[in-house]
Each structure stands twice: as C-alpha cells, then as structure tokens.
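Fit chain B to the given chain A structure using the hints.
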Amino acid sequence: MKLFAKIRKISYYLPGPPLSIESNSNNCYHASQDEIGSDLAFKATLKLFNEFPEIDKCEIDFLIVSTLVLDYNSPTTASVLHHKLGLSSTCGTIDLPQGCSGFLYSLSVAEAMISIGNARNVLILLGEVPSKAIHSEDIVLRSIFGDAGAAIVVSENNTKAIGKFTFATFGNGFDFLKVERGGGRNPIDEAWINKYSDQVNQLSFGRIEMNGLEVLRFALKEIHGFLEQTLVKNGLKISEIDFFIFHQASALILKSLQRKCNIPEHKFISNFEEVGNTVSCSIPIALETAAALGTFKKGDKIVLLGFGIGFSCIGTVIEW
Amino acid sequence: MEIDDFIIAIEEEFDNLNPGDVSPNSVFRNMEGWSSMHALIFVALIDSKYDVLLNGDELKSCVTINDLFDITRLKLNGGAAKA
Numbered sequence: 001m002k003l004f005a006k007i008r009k010i011s012y013y014l015p016g017p018p019l020s021i022e023s024n025s026n027n028c029y030h031a032s033q034d035e036i037g038s039d040l041a042f043k044a045t046l047k048l049f050n051e052f053p054e055i056d057k058c059e060i061d062f063l064i065v066s067t068l069v070l071d072y073n074s075p076t077t078a079s080v081l082h083h084k085l086g087l088s089s090t091c092g093t094i095d096l097p098q099g100c101s102g103f104l105y106s107l108s109v110a111e112a113m114i115s116i117g118n119a120r121n122v123l124i125l126l127g128e129v130p131s132k133a134i135h136s137e138d139i140v141l142r143s144i145f146g147d148a149g150a151a152i153v154v155s156e157n158n159t160k161a162i163g164k165f166t167f168a169t170f171g172n173g174f175d176f177l178k179v180e181r182g183g184g185r186n187p188i189d190e191a192w193i194n195k196y197s198d199q200v201n202q203l204s205f206g207r208i209e210m211n212g213l214e215v216l217r218f219a220l221k222e223i224h225g226f227l228e229q230t231l232v233k234n235g236l237k238i239s240e241i242d243f244f245i246f247h248q249a250s251a252l253i254l255k256s257l258q259r260k261c262n263i264p265e266h267k268f269i270s271n272f273e274e275v276g277n278t279v280s281c282s283i284p285i286a287l288e289t290a291a292a293l294g295t296f297k298k299g300d301k302i303v304l305l306g307f308g309i310g311f312s313c314i315g316t317v318i319e320w
Numbered sequence: 321m322e323i324d325d326f327i328i329a330i331e332e333e334f335d336n337l338n339p340g341d342v343s344p345n346s347v348f349r350n351m352e353g354w355s356s357m358h359a360l361i362f363v364a365l366i367d368s369k370y371d372v373l374l375n376g377d378e379l380k381s382c383v384t385i386n387d388l389f390d391i392t393r394l395k396l397n398g399g400a401a402k403a
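Order-wise, the sequence lines are chains A and B.
Per this note's numbering, residue 1 is the first one in the first sequence, and the count goes up by one each step.
Per this note's numbering, residue 321 is the first one in the second sequence, and the count goes up by one each step.
Pulled out of the complex, with its shape left as it was, chain A reads as follows (with noise of 0.2 Å):
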C-alpha cells in the first residue's frame, strides 16, 4: 500500500509585544534575556497540544528541530525538546539546523519518513531567536529578523498532499550570511566577550553577519530558476499554482522574486510586515496566518519555497 504525509496542523509562538523597529514599516518580535529558540519552539508546542487535543503526543514517534541556536552543541536540542514534552521512548530525535530553510528540509524529511513506513506522525519543532546574536548597531538586521517558535505535526494521510522536493546548494556563498563565532572552527574567546560587553548576551551565541548586496544577488539570480524547477519535477505550471509562499527573507527580496516570477500579487502570500524574518519559523507562521484567514481551500496548490544561509534552496508543492 502506498503511504503519504501530509501537514495536519501548525501552531506558533512570538514571545512578547510586537516591536517597530526604528525607521521600517515592519513589525518584530524578541524573545525574554533568558529564552532560548527550544523555549519558544517548547512553548509553540503547547500551545499546539492545547489548540488541537486530538494530536496524542504519545503517538509522535518521530521528531525533528531546527534552530541556529542549539542548546548544547551536543546531545541534541531534539533530545532535550524530547524530555521537556515527554514524548515516547519509541520516538526518534534529529537536529535539522538548516537555517531559512529548515522548515522545508525537516519537512522532506518527515514525508520521506513517513511515506517509507518508518513513522506515522513527526513533529517538526522550530526555535529561532536572530535578535540575540545581532550587534545594536546593524540596523539593517535588527529591522529584518524576528523571533520565533512554531510546532508542525507531519502525519500519514491517504492521498499525497505534498508533492516532490527539489534541492539546491550554492556553498561558495557560505561566508556572505553566517553567524561568526560559537562554532569549532572559530570559538569564542575571551577578547570577543571583552569586545561585545556592552551587547545583549554579549553576544555569546555569536553574531550575525550578512552581505546584503550578495544576498540579494543570490535570491535574484537563482530562486526565478529554482522555482521552475521545483514545478516542471512535480508536473506543474505556474498557472496551476493557487498560492505561493516564499521564505519571508526581507520586504525588497519578496517584492523583487514577485516581479521577477511574474506571479500575480494575490497569490503571493506575505507576512513579513506583521513579523519580520524568523528563519525557519517564516513559512509555517506565514501558511498558518493565511489558512487562520481562510485563505486556502480544499485542493489549492502551494508552492513552498525556502532559501538562506548556506546558500541554500530547497521548494515543494503541497496541496491543501
């Protein structure tokens, strides 16, 4: 018999009051001194066991995190998040730290695990708090990235609601988004808290830096094909697509991928004014926020297409 997923329910957390931040139009959310990005996935998915009693935690058996900011860098966040909501000895833990993309890659995941019969049900549990690793001066930044949780649970269905994968790579962009420091390969030493003592955290978890020209470039120069391809691997054209949600990575990137997919603005789903870019959280936060609005019905097709740091890419279509 042939198995299929299908995303059966979404629920998000954004801890505290919205922020205006200085000049720009949209809104932000930071999480508390003390949240880390599993608090606000953990609180995300309360809220989902409170919203939707009819998930039984007990059936999850498999469950899959991303955050950029880990708990430790070993065990896994997973395996922490695992204790914290009690789930089943039988169920599975992995860390999917992919960054903007991470939604989408936990997401290939789960279907692939559930369509081979190795899980009935995945949590995808989503954390990201960018305002903590953002120096105060970098505006730019600051104006664009927000925090946020978001819990999905990914379960058997009888008829494929998401389509095929596509995935794309662009490593020799690596270095022009990244958050420097807290990794192996350049730890953070003593000379770096001394530098950053009057920052948040003093930026302990690192700090993000961002070429926004090369960003930008790279949204530009790729996403137009990658979408294309992501509808000729499921059969599609762009004229069969109801919806597109792209990765909410900053007002002039959506606006320019707009334009330059040439798909008409009524279809193309935003959030970021009321929420900024909350990494993997983006695209989830923005599918619920349009289906709380009864935005989709039974049968749409959605494009789902995340992008970042990496340089990755990574698209599906998922019917509704």
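Think of the hints as simulated: they come from the structure by calculation, not from any bench.
Check before you lean on any hint, since a few could be wrong.
When the alpha-carbon atoms are kept at most 25 Å apart in a straight line, the in silico SDA-like pairs for lysine to any residue are as follows [as the list claims (entries may be wrong)]:
(1) A:LYS260 to B:ASN350
(2) B:LYS369 to A:ILE263
(3) B:LYS380 to A:LEU141
(4) B:LYS369 to A:GLU222
(5) A:LYS178 to A:HIS224
Keep in mind the model is a prediction, meaning the values are calculated, not measured.
Okay, now just chain B, sitting in the frame of chain A:
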C-alpha cells in the same frame, strides 16, 4: 533602453522621490536618507526592469545615475561578463 525610462522607474521606485527629482547627473549616494539599502533597491530594480544583475564592484564604480544607466546598458548589450 532610454535614460528617461530609467529615471522614471527610479522615481517610481522610491517613495520619497517625485517626478523631476532625478537627472542623469544626480549623484545617487547624495539622495536624501541614502543608506546601503538604497543600493540594494537599485540592484533589484535594474534586475527587474532589464534582467541585468549588477555586482558590488560595478555598483562601486558608479557615481551618477548616468553611470548606472551606462553600465546597465553595457551589460544588457553583452558588453561585460554576465554577473
């Protein structure tokens, strides 16, 4: 490709510009409230309108709107390595 169209597109793209604010000799970095974000808007606009993707060195070499127009036209006509 005409410079008048290029200038109109720029004036339409920036909220704080009105028709007639920009001329070929305008030094774009002297625009009111100029920031690095404005440079990105130029790059995105030129890509969108002419399918020409400027790189950092090309952008740095430009001072006036006419410089931007010239380098865009040159790349459009295959006069420089495609970015």
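Against the structure, the hints come out as follows:
1. A:LYS260 to B:ASN350: Given pair A:LYS260, B:ASN350 is violated - Cα atoms ~28 Å apart, limit 25 Å.
2. B:LYS369 to A:ILE263: holds (15 Å)
3. B:LYS380 to A:LEU141: Since the Cα atoms of B:LYS380 and A:LEU141 sit roughly 22 Å apart, the hinted pair holds (cutoff 25 Å).
4. B:LYS369 to A:GLU222: Given pair B:LYS369, A:GLU222 holds - Cα atoms ~17 Å apart, limit 25 Å.
5. A:LYS178 to A:HIS224: holds (23 Å)
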